[in-house]
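Asks: Here are the chains, one letter per residue:
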Amino acid sequence: MDAQQFQLQILCYSDKLYRMARSILKDESRSQDAYQELMTRLWEKRKQLEKLENPQAFLLTSMRNLCIDLLRKEQENGEISPNTEYNAPNPYQLVEQTNTVSVIYKMIDSLPEMQRTIVRMRDVEDLDISEIAEVMQITENAVMANLSRGRKKLREIIIAHQQNERKVYGKYR
Amino acid sequence: MENIDKLLDKYFDGITSDEEEIILKEYFSKEEISPQHEMYKPLFSAFESEKQIVAPKFTIPDELNEKKSLPKRIWITAASVAAAILFIVLLNPLSKNAKTENNYLVYINGKEITNQEKAQQYAEEMFMQAEEIIRVSYQPFEETKAIKAEMDADKIFNDLSVEINNIESIIQ
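Chains as they are written, first to last, in the numbering used here: chain Y, 413 to 585; chain F, 120 to 291.
For the record, the hints were derived by calculation from the structure and aren't laboratory data.
Treat the hints with caution; some may be incorrect.
[As the list claims (entries may be wrong)] No farther apart than 27 Å at their CA atoms in a straight line, the calculated lysine-lysine pairs in the DSS-like style are these:
1. K144(F) with K564(Y)
2. K565(Y) with K160(F)
3. K428(Y) with K564(Y)
4. K428(Y) with K160(F)
5. K579(Y) with K160(F)
Could you put the whole structure together from the sequences, leaning on the hints where they help?
Replies: Here it is in structure tokens:
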């Protein structure tokens, strides 16, 4: 595989791969590093990439594995804490959080890694259940179960957030 | 509106089809939606805005400047030489491995061998194997030399001149 083929067949998935890294690592600069590292590794092994049947699934799986390895190492070294719960904002935070989309990002990021990755692959990347199953290396039923759990949890958080908002703003009306 | 409510329930249960999800996404992309659905709008907007995130640029390394790894045969040769040296050290009677001056002791593949003949025989076998590996490794270089010699420009030129002279003499 030469540079042109690499550009056409591998780098065309760049945005999806980078978004996957962001979803798992929840940090822009670490995601950039992870993405660059994956691309460098892929370039070094470009000869083997020619035989790929489903490059998209292979690349997304590789990106996920690399990010999970990074997280595991960081957790072992005590650099970061495991997944944090979504905490309803207090009235002061609520006033600051004018950008509702960023509030939603925080809600999605509070889901367990498997659920948020599946939710994003379905709703942001528009992948089929079978494609997600291949990337995650689990059955389609397991994908459906995780998608359902993730979305239900989001609905609960959104409803709770709205009730909280009404309570806070109701006082000042 | 009822339809959207049903679709939303299905969506949050994770059982919507591709077509149903398209209907929902189109509905939530509209400016004006039913007040009871307002709270879900940011969720669909968030997904849409995430789609706009693009990867940083990856510069493909220059293929010509890449550090080329040494050919495999060089490593084989180096390994053979190292193995040979190791055996010389192990067979040396002054080696620290020898328990006493009178007792003969060498370690081969982690095993203690006290029979000097056996150890020497084994070492000789290893030397022969190493020599064979070295010989095979150098084979391509020898072949290249031979090809180079055959490709001698002067020789080819001379041969051609002779050939041309022959042809000319036939024509005349």
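Asks: Looking back at the hints listed earlier, which ones does the structure fail to meet?
Replies: Violated hints: none at all, because every hint is consistent with the structure.
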